[in-house]
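Asker: Sequence:
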Amino acid sequence: ILPICLPPHTTHRLQPCDVGVFGPLASAWKKEVTLTSQHYVRITKENLLLHYHSARQKAFTNTIISGAFLKTGIWPRDRSVIEESAFAPALNMTTQAALPLSISRPALGGDTAEAGPSQCTPSGDPYQTVPPTLPCTSSQSAYRRVYEDLHMFAEAAKKQMEAAVVEKVERAAERAQRKAEAEAEKARKKAEANAERTRKKVEMEAEKARKKVEMEAEKARKKVEMEAEKARKKAEMEVEKARKKAEADEARMQRDSEEAVCAEGAGDHVSKASKPRPR
Numbered sequence: 001i002l003p004i005c006l007p008p009h010t011t012h013r014l015q016p017c018d019v020g021v022f023g024p025l026a027s028a029w030k031k032e033v034t035l036t037s038q039h040y041v042r043i044t045k046e047n048l049l050l051h052y053h054s055a056r057q058k059a060f061t062n063t064i065i066s067g068a069f070l071k072t073g074i075w076p077r078d079r080s081v082i083e084e085s086a087f088a089p090a091l092n093m094t095t096q097a098a099l100p101l102s103i104s105r106p107a108l109g110g111d112t113a114e115a116g117p118s119q120c121t122p123s124g125d126p127y128q129t130v131p132p133t134l135p136c137t138s139s140q141s142a143y144r145r146v147y148e149d150l151h152m153f154a155e156a157a158k159k160q161m162e163a164a165v166v167e168k169v170e171r172a173a174e175r176a177q178r179k180a181e182a183e184a185e186k187a188r189k190k191a192e193a194n195a196e197r198t199r200k201k202v203e204m205e206a207e208k209a210r211k212k213v214e215m216e217a218e219k220a221r222k223k224v225e226m227e228a229e230k231a232r233k234k235a236e237m238e239v240e241k242a243r244k245k246a247e248a249d250e251a252r253m254q255r256d257s258e259e260a261v262c263a264e265g266a267g268d269h270v271s272k273a274s275k276p277r278p279r
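Quick note on numbering: the UniProt record's numbering labels position 70 of the sequence shown as 70, and the sequence is numbered without any gaps.
For the record, the hints were derived by calculation from the structure and aren't laboratory data. Keep in mind that a hint or two might mislead.
Derived DEER-like restraints, expressed as beta-carbon distance ranges [stated by the list, open to error]:
1) His12 with Glu170: 38 to 48 Å
2) Lys168 with His39: 30 to 40 Å
3) Val81 with Val169: 35 to 45 Å
4) Met152 with Lys58: 21 to 31 Å
5) Lys233 with Ala193: 28 to 38 Å
6) Lys30 with Ile74: 43 to 53 Å
7) Ile74 with Leu48: 13 to 23 Å
8) Arg77 with Ala163: 17 to 27 Å
9) Val81 with Glu162: 38 to 48 Å
10) Ala206 with Glu170: 50 to 60 Å
11) Lys30 with Val169: 18 to 28 Å
12) His151 with Gln38: 52 to 62 Å
13) Gln38 with Glu170: 40 to 50 Å
14) Thr44 with Val169: 25 to 35 Å
Beta carbons are placed, not taken as given, at the ideal position from N, Cα and C, and that holds for glycine.
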């Protein structure tokens, strides 16, 4: 913010900021109205902003605005644009109004400010109060002192604004930090919850797999036991069958042996019977 401090009787020197910018806007608006009327188009409240925007784009250019500020010496700052004589006291020294006032008020004028230390700055904080308005009959040095006081006031306001901005930025940074910490804590808790859910899921899957393995092992054990029992029974049956076969073979061999003995005894008897007796 750049405050421009000028005596009241010199403010007309700032007219280029007004006329130099809004003059082209008025001309551009007239051209826009003429152009629309030539095309038999009425400007109504529905299309007013559209046509005004067209005129504004033609008038409010960087060149025109910069030229207006340059003409008044505001930016870039040029103190030589307004000559020193413009800061001289007004030629009209009277403090009486040209027309009678409806309300009785004390005269705004007074004795011409004398040279010396500035009377504008209060004895308190020199950067908290705007200096009072000087009468139009004040001297150039008084205006200079007021300008210096206003400059000091502007610098103090600038510092206060900078401090306020810094404080605001610090508060915003602190809020952002707290928000980031809250988000980080939230993300950490969410990650822990996800990890806990994943751990429980893994444990459930592991328990399920363990039970499945135990079931498969139990099933395999029972199958092996059944196969072993079946093999044992089959072996016992084979042994019993072999035993019975051996007993049958032994009985047959004994019977054959007995038959052979009987047959041999019968043969001896026949041979004795057929032998002649001696005489």
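Asker: Confirm or reject each hint.
Answerer: Hint-by-hint comparison with the structure:
no.	hint	in the structure
1	His12 with Glu170: 38 to 48 Å	45 Å, holds
2	Lys168 with His39: 30 to 40 Å	52 Å, violated
3	Val81 with Val169: 35 to 45 Å	37 Å, holds
4	Met152 with Lys58: 21 to 31 Å	42 Å, violated
5	Lys233 with Ala193: 28 to 38 Å	59 Å, violated
6	Lys30 with Ile74: 43 to 53 Å	28 Å, violated
7	Ile74 with Leu48: 13 to 23 Å	32 Å, violated
8	Arg77 with Ala163: 17 to 27 Å	25 Å, holds
9	Val81 with Glu162: 38 to 48 Å	29 Å, violated
10	Ala206 with Glu170: 50 to 60 Å	52 Å, holds
11	Lys30 with Val169: 18 to 28 Å	47 Å, violated
12	His151 with Gln38: 52 to 62 Å	53 Å, holds
13	Gln38 with Glu170: 40 to 50 Å	60 Å, violated
14	Thr44 with Val169: 25 to 35 Å	47 Å, violated
When each numbered hint is compared with the structure, violations occur for hints 2, 4, 5, 6, 7, 9, 11, 13 and 14.
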